[in-house]
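Numbering (UniProt numbering), first residue to last: 1 to 333.
Each hint should be verified, as a subset may be incorrect.
As the list claims (entries may be wrong) - Here are the simulated BS3-like pairs of lysine-lysine, each with C-alpha atoms no more than 30 Å apart in a straight line:
#	residue 1	residue 2
1	40	82
2	79	194
3	123	40
4	123	194
5	40	285
6	261	329
7	89	79
If you're looking for bench data, these hints aren't it; they were derived computationally from the structure.
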Amino acid sequence: MSPPSQAHRPYSEQHQDPAGPDDARPTAIQIVQDLGLEGKLEDTTVLITGCSAGLGVQTAKALYLTGAKIYITVRDEQKGQKAIEAITKDAPQGQAIEVVYMDLGDFDSVRAAAKDFMSRSNKLNILINNAGRTVSSFETQMGSNHFGHFLLFQLLRPLLLSSSTLTQTSRVVTLSSYGHTFSPIRFDDMNFEKSDYNAWAAYGQSKTANIYMANSIDRLYGSQGLRAVSVHPGLIFNTELMRHSSKDAFDDFGGADIFGKLEKTPEQGAATTVWAALTPHFNDKGGVYCADCGESVEAGENAPTGGPEYVSHAYDEEAEDRLWELSCKAVGA
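Build out the structure end to end from the sequences listed, making use of the hints.
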């Protein structure tokens, strides 16, 4: 895929002067309100992975207000019930949220989850790949952030395609992040078997893989009414990544002193995901990396650390095709 020749950035003004959490940057619920979609999507079915907390819950909370039928994935029953309570709290009553149990770290679990979902729903309009989880058989970041979701997409692809209509194309939104700037795909040593393990490089290539997956889906299936985009939610410090990263590793990049003004609340962090899932801008196009509720632009020399820009390896058709073929073999698709 190629980057957009002119980036569509409808919320650029609100992001010009970030001032930290709860500043003027929009929340996910504000996006729904701005698009005028409250209670308007009763015929839409959405599946969101990784909804036990954080961005997943905030994404579901905003989409719940549209009236859509929402399915969420979690790893255990207790987390599922807590998530439903958090999503529906203080909201007008909508369609019942249904829970699908899935562990991205177990391909058998992913297959079972896809089968479970398809036994309950005969359509899927929007798939949001939000979750990330440790995987045993692959290098952990690539396994949790890419291969599990790749398998899930392949299993649900027929349903996504059959759900697409002339008036409502299907859509896949996959969370990537600024972390893609840390590393391209290490095709010759993806699992760090030939070199010392580097957590940030591992995270970086997994986030690049998220972009490549979205670009490839859109290129392969866009003409059939299935669009795909990747998103950078922004810097939200209370994420799984930060909880599993050492303070020293985080401080290597400047820590909160550098990132403070760019930091978002989870409600703000979910805004780009919700915008990407709902905006009519992607009805007939995709294959784009999004940030700050718009299409991202390429990083210049003075681009801020942790910012919304992408780097050149984010768009590379040859690498995208190579990863697609490798991923198909890895998951048996």
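Okay, the hints, checked on the actual structure:
1. 40 to 82: holds (26 Å)
2. 79 to 194: With Cα atoms ~38 Å apart, residue 79 and residue 194 exceed 30 Å; violated.
3. 123 to 40: Measuring from Cα to Cα gives roughly 18 Å; hence the hint holds.
4. 123 to 194: Violated - the C-alpha atoms of residue 194 and residue 123 are around 44 Å apart, more than 30 Å.
5. 40 to 285: The given pair, whose Cα atoms are some 22 Å apart, holds under the 30 Å limit.
6. 261 to 329: Judged against 30 Å, a Cα distance of about 42 Å means the pair is violated.
7. 89 to 79: Status holds; Cα separation ~15 Å.
The structure does not agree with the numbered hints 2, 4, 6 stated previously, though it agrees with the rest.
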